[in-house]
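Visitor: Sequence:
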Amino acid sequence: MSRLLIGSVYFLRLDPRRWEEMQPFPPLATLCAAAYMRARGHDVDFFDAMLADSAAAWAAMAERIRPNIAVLYDDNFNYLSKMCLTNMREAAVAMIGAAKAVGAKVIVCCSDAVDHPELYLGAGADAVILGEGEAVLADIVDRIGSGSLDDIQGVAVRNRDGTIVRTNRRPPLRDLDALPFPAWDLVDFDRYRRIWRERHGMFALNMATTRGCPYSCNWCAKPIWGQSYAVRSPANVVTELKALIEAAAPDYVWFMDDIMGLKPKWWGAFADELERNAIRIRFKCLSRADLVLREGAVADLARAGCDIVWLGAESGSQRILDAMDKGLTVEEIEEATRRLKAAGVRVGHFIQFGYSGEGVDDIARTIGMIRKTQPDEIGVSVSYPLPGTAFYDRVKAELQGKHNWSDSSDLAMLYRGPFHTGFYRRLHAYVHRDFRMRRAVRAFARVLKGHEALRYRHVRSLVYAMLCLGLMPFSLLSLRLLRS
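Count the sequence shown with the numbering used here and you get residues 785 to 1268, in order.
Keep in mind that the hints are not guaranteed to be accurate.
Stated by the list, open to error - Here are the in silico distance ranges between beta carbons for each label pair:
hint, residue 1, residue 2, range
1, SER838, LYS1156, 26 to 32 Å
2, GLY985, ARG1217, 37 to 43 Å
3, MET785, ILE948, 44 to 50 Å
4, ALA1019, ALA1181, 49 to 55 Å
5, THR1113, HIS1216, 22 to 28 Å
6, LEU1077, GLY906, 31 to 37 Å
Said to hold, decoys possible - In the SDA-like style, the derived pairs of lysine to any residue whose C-alpha atoms are separated by at most 25 Å in a straight line are:
hint, residue 1, residue 2
7, LYS1026, ALA1086
8, LYS889, ALA823
9, LYS1049, ALA1062
10, LYS1049, CYS1001
11, LYS1047, GLY1132
Just so you know, the hints here were simulated from the structure itself, not pulled from any lab data.
Just so we're clear, the structure is a prediction, and the values are computed from it rather than from any experiment.
Don't be surprised by glycine CBs; every beta carbon is placed ideally from N, CA and C.
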């Protein structure tokens, strides 16, 4: 059996905005791959890029371990991996070089490599996995030292003549309950716990209940699972959660699914399993407004202990939502937000500016929706064309010299969109400032009404709000001035 060094590719330190937030999570998909390969009898060492300083740490580990095979296996549950940030691409290339320098065969599984296998094969990788990784990885490892790989489903390899061969993708795994749990024993829980408690006063870990997303938002890249969707049983999820609590004692869980709760009644069955096992832990998840509006969904989420649901609101303009093929209405987003908040479940809105055809009036409607619904958190970005999406095909003739952000705070317009990059960066700051100011004023009003006790955070928020009050109030005029 082979000795494998399996490592993730996303370095928190190379993403300044996320480094400042300092909310690190172990690379879940990487740990799933490690568990899968150990179950097949291989010796596995794990490299956690999330907490590493740079690719030099990988090089030192490769030099010490001298693996037969090195696997760059990105955390495909982490939405940041879909963005194919150039900082991470450059780190991955350096990691390939370091592994080759110690004589290892190199296999790569990440979103960026699916889109651009030639970059990774050109850097020295022996094989790139196209799509879901575990089963393909096992086949490659079995054959990489003794035979051709070009008849394995789901790989890209380079022929002797230099041409790249892509084989047909393997169908994604359907029975997720049959998979081993992630190799949690390889994680340095103490280091993660120390960081979280020092910065946030609690300890959070991550899990996933599903793989993939069947919806057709035309800007969303799906290089790993495509349109497929598979779900674990509530009992299987709770069994892993119980083991994770016993091993690491987290205070909080982030369920990293693209869409949680798609299967009807899943949340209710999940809440039942949690109650049956006497588990009560707060969690956050991502879902859709129309799923939240299903009968009983909000009550089930609250019963399960959900702290916050992040909704892909995207826009307050129905015209833009329709152009995105979002399959939602502004009214559904507003009603889902209202119901969740009424049940004591916090709400986050993902907001996306800069979609093709968006105008000042559309931006105004989005800001108006945020003000009306008063979500507890917002995440603001700009439209990001990625290969394999209908949106990319629509705007590829307008793509400019830069095709990827360097890090997640970049916010550069990669195509000739409605307005220029500077406008969207100012808009990003404006919307966040407006949101935080209004949230601070509402929080202090609750104190004045006797609904909350006065705390330091209220004073700090009020000072922030007072500083913001001197800024120009939002209007169509102010948006037009932002453009200049």
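Visitor: Would you mind marking each hint as holding or not holding in the structure?
Guide: We went through each hint and held it up to the structure:
1. SER838 to LYS1156: 26 to 32 Å: Cβ of SER838 to Cβ of LYS1156: about 45 Å, so the range 26 to 32 Å is violated.
2. GLY985 to ARG1217: 37 to 43 Å: violated, 25 Å
3. MET785 to ILE948: 44 to 50 Å: Violated - the Cβ-Cβ distance for MET785 and ILE948, about 29 Å, lies outside 44 to 50 Å.
4. ALA1019 to ALA1181: 49 to 55 Å: Roughly 50 Å apart at Cβ, these two residues keep to the hinted range, so it holds.
5. THR1113 to HIS1216: 22 to 28 Å: holds, 25 Å
6. LEU1077 to GLY906: 31 to 37 Å: violated, 48 Å
7. LYS1026 to ALA1086: OK: LYS1026 and ALA1086 at ~19 Å, within 25 Å.
8. LYS889 to ALA823: holds, 21 Å
9. LYS1049 to ALA1062: holds, 20 Å
10. LYS1049 to CYS1001: holds, 24 Å
11. LYS1047 to GLY1132: holds, 21 Å
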